[in-house]
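Dock the two chains into a complex; use the hints.
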Amino acid sequence: MIKKSGYLFLGIAVVAIYEGLLLGFTYFILFASILFFTVSSEIIIFNMVTTSGLRSLEVRRFVDNTSIRKGEKLPIKLKFTNVSGRRIAFHYYDTLSDVFTISGPSEGYVSLAPGEERNVTYVLASLAVGKYIVGPVIVYSEDPMKLCLSMYKLERQIEVKVAPALTEIRAARTELLSNIRYSMGVHKSRVIGQGYNFYGIRPYDISDEFRYIAWTRYGIRDGDDLYVKQMEEEKVLNVYFVIDYSISSNFGFKGKRMYDRMVISAINSAYSVIKNRDDVGFYLLSTEIDLFIEATHSDASISKLETSVSELRPSGHFDIMSALDRIRKKIKRNALIVVLSPMSEIDDFKAPKGSLFQVGKKLVLVVLSPSEFAEKRDWDQNYTLLLKSALVSRQLQIKQFSRTMNSIGLKTILAEDSTLQRKIINEYQYAKMVN
Amino acid sequence: METERSEASKAKTYLFNAMLISPSIFLLLFGLSYALPDMNPYIYIPLFLLPLIKRLSPKLIRLNTYRLVVIIFLLLVLDTIFSRLAPNTPIVGGIGVPITFTTMFTVEICLGYLLVVESLFANKPYHVIGGMIASLALLGEIYAAIAFLNSPYFNEFVTGYGIVIGKFALGSISRLQMALIGVAVLEFAAITSLIFNGFMTFMPLYGGSPHSLVLPYSRLLLGLFGVSFIGVVGRFYVDGEKDETFRLEGLFYSVIMGVVISSIVVYFAGLFQGLDYQFMVISILVIIFLIISSASSRLTPKALKLEE
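Here the protein sequences line up with chains H and E, keeping their order.
For the first sequence, position 39 matches number 39 in this note's numbering, and the numbering has no gaps at all.
For the second sequence, position 126 matches number 126 in this note's numbering, and the numbering has no gaps at all.
Watch out, some of these pointers could steer you wrong.
Unchecked claim - Covered, in the sense of this in silico footprint (three residues per stretch, anywhere, with C-beta under 8 Å from a C-beta of chain H), are these stretches of chain E:
1. 121 to 129
2. 138 to 145
3. 182 to 191
4. 215 to 225
5. 252 to 262
6. 283 to 295
Honestly, the hints are just simulated from the structure, not real lab data.
Everything numeric in this text was worked out from a predicted model, so none of it was measured.
Ideal Cβ positions, reconstructed from N, Cα and C, are used throughout, including at glycine.
Just chain E, with the same shape it has in the complex (with noise of 0.2 Å):
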C-alpha cells in the first residue's frame, strides 16, 4: 500500500516535473528538427545516452557520471591539441576530438537535452526550476538562430560574416550555425547598448527591434510557459503534505500577487509598447522586492531565546 501510495506521488513528480519544463522540451525539439543534420553524431549520441547509462551503471559511477564525462571530454581536447603540436607521438593515436564550430555547436544542444532530462528526473523543485532556466538559455539561443535564419536580415549578416571573419575563424560552418554566431553578436550589441547607453536595442528575440523577427510557434510558448508555472505551483503541492490544506492558501494569494505586481511590472516596464527602459525598470522593482523580502527575513529570526 505504501509502495503504491510512494509510486504514484513519484508519477505526479514527474508529470508535474515534465509540465515544468514543457518549454524546454519544446525547444528542444523545435531545436533539434533543425539542428541535427548540422551536429557531429560521434558527439551527440553518446551525450544523448549518457542519462541513460548513467542510470544503468553502478552507484559509484552513477554518482560521478557527469563528472567523468567532462574529464573524458577535457582529456580529448588535450589529446587533440597535443596531436596538432606533435603529430609523430605515439601517444595521442589519432584520438580526439575535432576543435571546430559544429563541436561547441553540438555541445551546446547536447548540454541543453541533458539538463532537460535531468531535471525531468529530478526529485527537488528548484532543480527542476534550476535546470529549465539553465535549459532555456541554451535552447533560447537556437530558438533565435532558427527565428534569425528565417528573417530577411540573415542573408545581410552571412554576406558581412563572410567578408569580416568567415575565411579566418571558423572553417566551414551551417547556415543554421552561422545564424546563431549571429545571435552571440546581437547579444554582444545588446550588452555593449546597456553598458554605453543605458538600455538595450538589439535583443535577438525582441519584436520591436529594427530587424524584427517572426518567432516561430510563439502563442504556443507562451502556452507552455503558462502551462510552466501551473506545473511550479503542482510540483510544490505534490511536495508538501497533504493535511495542509490551511497554509496552501497562502500559496494561491501568493500566485495571484505574483501574476497582478508582475504584469503591473511588464506593463509599466514598456515591453509591450517597444519602450528601452525596460532593463532599469524591472532592476530596480527587483532589487526593491529583494531588500523587502531580506527585511522581512529579519523579523522572523531562526530561534528566539527561551522564554520564562
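Here chain H stands alone, though its shape is the one from the complex (with noise of 0.2 Å):
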C-alpha cells in the first residue's frame, strides 16, 4: 500500500518533471526523471516483491494459561515461521491493552532467512480486573524510502482473564487481621434472644424455660430468689455491595482505574463482613451488565465475583434510578446495600418526585471522586491547570448531588482512593448497630 507520503513523493517528482520541461532544462528534466522512476520503481518492486514474502510468513502463539491473577506474570510466546523461498524482513508487535505492564519483545523487527524459526518471548501482567485481549499479532514491512506500507494480522487474538490480586485482599482474607477487625467492635448487633454470647441476668418468670435458670446466681439477694440468663441473639446482616460497571467506571489510567478499585474495596469489605457472619452479595450494573449475586453465607459469592469480573469489562451506562428500580426488583429480602459509583453521568440529574428512589431497605451511595485517578503530569503545566480546573468543577458537581440525594432521604457519602474502604466498613458497623 502507498502511504500519503509516497503519493506525495510521487507527485512533487511528476510536478519537477514537468518544470522542467516547461522551463527546457535539460539536466534539471534528466534529475526529476531519475527521481520519479527510482521512486515509482522502488514502490512496484516493493509491492510485488517484498509484500509476497510476508505472505509465506507463518506466526504462532503459546500461552499457557488464560487465567490469570492482577499483577501475576503470564509469559507469552511468538513464533515466527519463514516459508518462503526468500530472505523476509519486518516489524513485529503485539496489540496488547494498556492494562498490561510489559516486559520483553513484544514488537521488534526479526529478518529471517528461508525457512529459519525464530523465537520470541515477552511477559505481561495486568494492572487491573476484567477481561481482555491479546493479539492479533501485527507484522509490517516498509520500504526503504518508507513510502509504502504492507500491514498483516498474522495470529488470532486470544482472551485473558484476570482476577483480582491476591495481593491486594489478602489483608482481609488473614485471620488476625480479620479477627481484630471482628473484637473491634464491628460486631454490635446486641438483641436478647437465642445466641452463645452472655448478655446478662434477669429475675425468673414463671413463663421461662427452667433451662435458661443461672443457677451461680441463685439466692444471692434473699436466699430463694431465682434468676435467669440473657443471650445476645445473633441477627444476620445481608450486605450487598452494587457496583456500577459502566464505562464511565473505566476512568483512570494504567494500574489505577475506578471499576478495579471498586471491585477491590468491595470484595475486601465483602470479607469483613463474612468474618461477622453476615450474608454478602454483589450487582454489577450498567445498561449492558446485569450480573447479581445472591448473598451468601460463605466466600462462595466473593469467589463468583472474581470469576465474573475477570470475564467483564465495564460498560454501558449508569442510570442512579434506574439502578434503584432494578436493585428494588433484585434484592427481596432486607438488607444493606452498599451502592459504590463513580456518578459521572449526573449532568442533568433532578431529584426525583415521589417514592421513586426508595427501595426499602438501608441504603448508602457511596460516590467515588476521581481526583485520585487522574494522571498527574508535573511536567506539563497547562495539563495540569485543566486537570486542576476539571476536578474542582467535578467535587463541586458530586457535593451538589450528595446534597440532593441525601435530602431526598437517600443517604450519600463521598469517598476518594485511600478512605474508600474505611467509608465501606464505617457503613457497615452502623448499619450492624441499627440492626
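Laid out in C-alpha cells, this is it:
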C-alpha cells in the first residue's frame, strides 16, 4: 500500500518533471526523471516482491494459561517461521491493552532466512481486573524510503481473564487482621434472644424455661430468688455491594482504574462482612451489564465475583434511578445495600419526585471521587491547570448531587480511593448497630 | 552517549539535506550575485533574517511565523492601495509596500531563499525534496532570466518590450527584471504552443530552440544534480533504521532501475536530438508508471482478515 507520503513524493517528482519541461531545463528533466522512476520502481518492487514474502510468514502464539490474577506474570511466546524461498525482514507487534505492563520484546524487528524460525518470548502482567484481548500479532514492512507499507494480521487473538490479585485481598482474608477487626467492635448487634454470647441476667418469670435458670446466682439477694440468663441473639445482616460497571467507571490510568478499585474495596469489605457471620452478595450494574450474585454466608459469592469480573469489562451507562429500580426488583431480603459509583453521568440530574428513590432497605450511595484517578503530569503546566479546573468543577457537581440525594433521604457519602474501604466498613458498622 | 548519537545523526541529516538542495543553493547564490542590486532592501533584509527571527522566537510565534508574515505583507499591500485611493486618511500613516515589479521580483527571490533555508533544516525527506522542487521553480526562472540577459536576442526583446508595453505597465525596471519578463513570455509561448500544436517550442532554457542560449555553469549544475540525487538516497538511508541493511538492497535495485529507465526515457523522448514531442512521450511513460504503482499498491491491502 502506498502511503500518503508516497503519493506526495510521486506528485513532487511529476511536478519536477513538468517544471523542467516548461523551462526546457534538460539537466533538471533528467534529474526529475531519475527521481520519479527510482521512486516508482521502488514502490513497484516493494509491492510486488517484498510484500509477497510477508504472505509466506507463519506466526504462532503460545500461552500456558489464559486465567491469571492481577499483577501475575504471564509469559507469551511468539514463533515466526519463514516458509518462503527468500529472506523476509519485518517489524512486528502484539496488540495489547494499556492495562498490561510488558517486559520483553512484544514488538521488534526480525529478519529471517528461508526456512528459519525465530522464537520471541515476552511477559505481560495486568494492572486491572477484567477480560482483555491479546493480539492479533501485526506484522508490517516498509520500503527503505518509507513510502509504502504492507501490514498483515497474522495470529488470532486470545482472551486473558484477570481476577483480583491475592496481594490486594489477602489483608482482609488474613485471620489475624480480620479477627482484630471483628473484636474491635464490628459485631454490634445486641438483641436479646437465642445465641451464644452472654448478655446479662434478670429475675425468673414463670413463663421462662427451666434450662435458662442461672444457678450460680440462686439466692444472692434474699436466699431463694431465681434468675435467668439472657443471651445475645445473632442477627444476620445481608450486605449487597452494587457496583457501577458502566464505561464511566473505566476512568483512570494504567494500574489505577475506578472499577478495579471499587471491586477490590468491595471484596475486601465482603471478607470483613463474612468474618462477622453476615451474608454478602454483589450486583454489577450498567445498561449493558446486569450480574446479580445472591448473598451467601460463605465466601462463595466472593469467589463468584472474582470469576465474573475476570470475564467482564465495564460497558454501557449507569443511571441511578434505573439502578434503584433494578435493586428493588432483585433484592427482596432485608439488607444493607452499598452502591459504589463514580456517578459520572449526573450532568442533568434532577431530584426525583414521589417514592421512586425508595428501595425499602438500608441503602448507602458511595460516590467515588475521580481526583486520585487522574493522571498527574507535573511537567505539563497547561494539563495540570486544566485538570485542576476540571476536578474542582467535578467535585462541586458531586457535592451538589450528594446534597440533593441526602435531602430526599438517600444517604450519599463521598469517598476518595484511599478512604473508600474505610467508609464502606463505617457504614456497615453503623448498619450493624441499628440492625 | 544517546545525545552524542542524536547530534551526529542530526549533523548527517543536515549534510544530506545540503547535498539534496545543492542545485537550489547554487542557483540562489548565482541569482543573488546578479539580482541583489535590483532588489528592494526594505523587503529582502527582513525576509532574509526571517529564518533567524523564527528560530529565536517563542514557540507560539515560531509555529506561526510565516502565516504572520503573509498577513502583515498583505495588510501592507492593502494599506498601500488604501493610501492611494484616500491619501488624506490618517489611519494609513504612509506605511506600505510599493506595488511595483521590483517588489514582486524581490519577493520571488526571497521566497526561493526561504524555501532553501527551510529545506536545509527540514526533518522529513519529502519536505526537503518538496522545498527543493519549489525553490527550483522560482530560482530556475531567475537562472533562465540571467541566461536570457546574456543572449544576443535580449536587445531585440528590450526594443519590442519598449514599443509594446514598457510605457504603460510596470514603471522603470532593470535589465534583469526585463529578462525575467522575457522568460515569462517564453513560458507563456511554450504553453500556448503545447495547447495549440501539441508540443512545446519556446522553452526558456532549451538549448535547441531558435534563440539558443548559453547556460552559465551548466556542467557544474549537472554535477550538482548528481550530488542532489546522492543526497536523496543518503537522506533516506539516514532516516532508515541501521539494522535494516537487507532492505537497503531494495533501494539499490530501485536506483539502478530508475537510472536505466530514465536514461531510456530521456533518450526516446529525444531531448538531446531536438524533437518536439518529449512532453507527450514523458507524459505517457509517467502515467504508465503511476498506473503500475497504483495497481501494485492494491495487491497489498493494509490489513488482511484474521487467519484461522
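Take the region 121 to 129 of chain E, compare each residue's beta carbon with every beta carbon of chain H, and decide whether three or more fall closer than 8 Å.
n = 4 at 8 Å, threshold three: holds.
Taking 8 Å as the Cβ threshold, is the statement that the region 283 to 295 of chain E is covered by chain H upheld or broken by the three-residue rule?
holds (count 6)
The region 138 to 145 of chain E covered by chain H? Criterion: 3 or more residues, Cβ-Cβ distance below 8 Å.
holds (count 3)
Proximity test - 8 Å, beta-carbon atoms, the region 182 to 191 of chain E to chain H, at least three hits
holds (count 3)
Residues of the region 215 to 225 of chain E with Cβ under 8 Å from chain H, three needed, outcome
Since 4 is at least three, the answer is holds.
Can you confirm whether chain H covers the region 252 to 262 of chain E, using C-beta to C-beta distances below 8 Å and requiring at least three such residues?
With 8 residues closer than 8 Å to chain H, the region 252 to 262 of chain E meets the three-residue bar; holds.
The structure meets every hint from the earlier list without exception.
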